[in-house]
Amino acid sequence: MKILVIAEQRQGKWNNASFEALVAAQQIAAAASATVSAVVIGKGVAALAGELAAKNVAEVLLVEHDLLDAYTPDGYCAALKQVIESAKPDLVLFPHTYQVRDFAPKLAAMLGKGMVGDCVGFRSEGGRLVFVRQMFQGKTAADVTFTGAAPWFASFQSGAFRADQLAAHPSGKAPVNSVAVNLNAADIRTKPLELFKEAKSAVDLTQAPLIVSIGRGIKAPENIAQAEALAKAMGAELAASRPICDEGWLPMERQIGSSGQTVAPKLYLALGISGAIQHVVGMKGARTIVAVNKDQNAPIFEIADYGIVADIFEIMPALTEELQKAKG
Amino acid sequence: MNILVCIKQVPAKDAPLAIAGNWIKESDIGFEMNEPDSYALEEALRLKEKHGGEVIALSLGPERVKQTIKEALAKGADRGIHIADDNFAQLDPLGTAKVIAAAIAKEKVDLVLTGLQSDDHGFGQTGVLLAALLNLPHATLIMQIDVQDAKMKLKRELEAGWFQWIECPLPAVLTIQSGINKVRYATLKGIMAAKKKEIAAFAREALGVTIEPTQKIEKIYVPTKTKKTEFLTGTPKEAAAKLVEKLKFEARVI
Chain G
1 MKILVIAEQR QGKWNNASFE ALVAAQQIAA AASATVSAVV IGKGVAALAG ELAAKNVAEV
61 LLVEHDLLDA YTPDGYCAAL KQVIESAKPD LVLFPHTYQV RDFAPKLAAM LGKGMVGDCV
121 GFRSEGGRLV FVRQMFQGKT AADVTFTGAA PWFASFQSGA FRADQLAAHP SGKAPVNSVA
181 VNLNAADIRT KPLELFKEAK SAVDLTQAPL IVSIGRGIKA PENIAQAEAL AKAMGAELAA
241 SRPICDEGWL PMERQIGSSG QTVAPKLYLA LGISGAIQHV VGMKGARTIV AVNKDQNAPI
301 FEIADYGIVA DIFEIMPALT EELQKAKG
Chain W
1001 MNILVCIKQV PAKDAPLAIA GNWIKESDIG FEMNEPDSYA LEEALRLKEK HGGEVIALSL
1061 GPERVKQTIK EALAKGADRG IHIADDNFAQ LDPLGTAKVI AAAIAKEKVD LVLTGLQSDD
1121 HGFGQTGVLL AALLNLPHAT LIMQIDVQDA KMKLKRELEA GWFQWIECPL PAVLTIQSGI
1181 NKVRYATLKG IMAAKKKEIA AFAREALGVT IEPTQKIEKI YVPTKTKKTE FLTGTPKEAA
1241 AKLVEKLKFE ARVI
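Chains G and W, in that order, give the protein sequences. Residue 328, in my numbering, is where the first sequence stops; the numbers in between run on with no holes. Residue 1254, in my numbering, is where the second sequence stops; the numbers in between run on with no holes.
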């Protein structure tokens, strides 16, 4: 079996989830006796291809073209379709990034194939690969298998595999082979313009050792004061899951999750947060996770070290008081 | 500007889920409009208010999804399309998109909108696949739409606080990021007006789409825990005191 991993870079900088996808590929290769090749796509990215060649891969395919300088779904799909048709992989793997969400399903469809997206793991059962993904906002897991002929397409959720487990090449370097692709400017229908960040964050949550975070369970903006009082008693920063910032109850800069900040504090106290995937990827690296939720089946408890099944409106004042008492 | 919005009906957020094979038991639980799709609907209504045209709300699923189409009509959509299919949950992303694309191909629309993903399957592929199947340009995770002439300037969300402006011609398919707008509630007047609006309903089979599944959900199950959670019990005061004790002396984080 041949596995092709599509690595992701923007303006010459890696998206680190690429290395996690490579680790997934190496582990699948070990379980299913396959070879792993990596694809680097863009313009002026030969140095990045050289970097990947030092990893345990059979080869690195370097796909460069003027029209691939900035990402477009049309450009990437047209180029990668040609790469896949010539390399003939059985399995094409991606990191499940926003960019991959934007083009990979279309790429698969152009080849008449399907994609299993946002996987958190895999199993090899007698030569058959089973992919595990989440459904119902993380409340259930699903075992998914491919039907029909290869190539198959799958992406792995950020954090599902550890980049530091990436194996180096056993004897120096793998070959880097350029793949020429034919692209036509007229076929690229969207035009990428400038990249930008919104107003500078006043708070850098990534540096906060203690974080108190609120979710839908807070119910109304007037209740946030209770969480603020708790955060103050603990000496923690206040953060939130996406719906709270969408409502405008807290500024976007306090959002934790795939579209917000990724944090790894000493303590993460999740109040009324169910634990949807998009939130969990932003905080699961916390050393200690505490979850308070009235639903004992909330997925947040799957990653919590300590859990309290209760109404947050009863716990917040009680905890604030206990913290003040402990401080003396 | 004619806009078609794809809306899914999903189990209510607080619905207790009982697993049955590779789906859930649908009896005894409530359903609601998929939240990401409600932002797409709102954006469609705002574009119509600004540029004119009509908004069509389309949903695929069993009889129950008519309720969600009616909700869209009550909020201001002009008409509905219901592709009736009791086995929609067994379709793979490509199959779902092929069915919806066949229905859209019968309409004259300038813009197709979807939410970024559904809260049930969570495939997050339908919008992109519709673009591929209808041979339209697309963009995903959109936070702002400015229409000028036959073009759109779009604000697309990237990761870690980054955004990008992109230009996209019309017609096109966009997936809308949650939080792009403030979703409206249906008014009583809207609910009354919706009663007179048309919902074109037909069976999925009537579209004559051949579906060859590319993947199969073998089973769904409650995920195995990766961490052992220590649950702290008692009155709120007792649980809070226990937690402070644990954080101070066991985890040593405060």
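Do not rely on the hints blindly, as some may be mistaken.
Derived pair list, reagent style PhoX-like, types lysine-lysine, alpha-carbon separation capped at 20 Å [unchecked claim]:
(1) Lys1237/W x Lys325/G
(2) Lys1242/W x Lys327/G
(3) Lys232/G x Lys1227/W
(4) Lys1219/W x Lys1237/W
(5) Lys325/G x Lys1248/W
(6) Lys1151/W x Lys1050/W
(7) Lys266/G x Lys1151/W
(8) Lys219/G x Lys284/G
(9) Lys1237/W x Lys327/G
(10) Lys327/G x Lys1151/W
(11) Lys1246/W x Lys1227/W
(12) Lys284/G x Lys1237/W
(13) Lys325/G x Lys1153/W
Don't read these hints as lab results, they were simulated from the structure. All of these numbers come straight from a predicted model, not from anything done at the bench.
Taking the hints in turn, this is what the structure says about them:
Distance restraint check for Lys1237/W and Lys325/G: the Cα-Cα separation of roughly 12 Å lies within the 20 Å cut-off, and the hinted pair is therefore satisfied. For the proposed pair Lys1242/W and Lys327/G, the alpha carbon gap of about 15 Å is at most 20 Å, so the pair holds. At roughly 28 Å between alpha-carbon atoms, Lys232/G and Lys1227/W are farther apart than 20 Å, so this suggested pair is violated. Taken as a hint, the Lys1219/W and Lys1237/W pair is broken in the structure, with Cα atoms around 41 Å apart against an allowance of 20 Å.
Restraint check for Lys325/G and Lys1248/W: the C-alpha separation of about 13 Å stays at or below 20 Å, so the hint holds. A distance of roughly 15 Å separates the Cα atoms of Lys1151/W and Lys1050/W; the hinted pair therefore holds under the 20 Å criterion. Between Lys266/G and Lys1151/W the alpha-carbon distance is near 48 Å, which puts this suggested pair outside the 20 Å criterion. Of the pairs offered as hints, the one joining Lys219/G and Lys284/G is violated, with about 24 Å between alpha carbons and a cut-off of 20 Å exceeded.
In summary, the hint linking Lys1237/W to Lys327/G is supported, as the alpha carbons are separated by about 16 Å, within the 20 Å threshold. Between Lys327/G and Lys1151/W the CA atoms are separated by roughly 60 Å; this puts the pair beyond 20 Å, and the hint is violated. Of the pairs offered as hints, the one joining Lys1246/W and Lys1227/W holds, with about 16 Å between alpha carbons and a cut-off of 20 Å not exceeded. Between Lys284/G and Lys1237/W, the direct Cα distance comes to roughly 27 Å. Violation of the 20 Å bound is thereby established for this hinted pair.
With a C-alpha separation of about 55 Å, the suggested pairing of Lys325/G with Lys1153/W is violated against the 20 Å cut-off.
Checked against the numbered hints given earlier, this structure breaks hints 3, 4, 7, 8, 10, 12 and 13; the rest are met.
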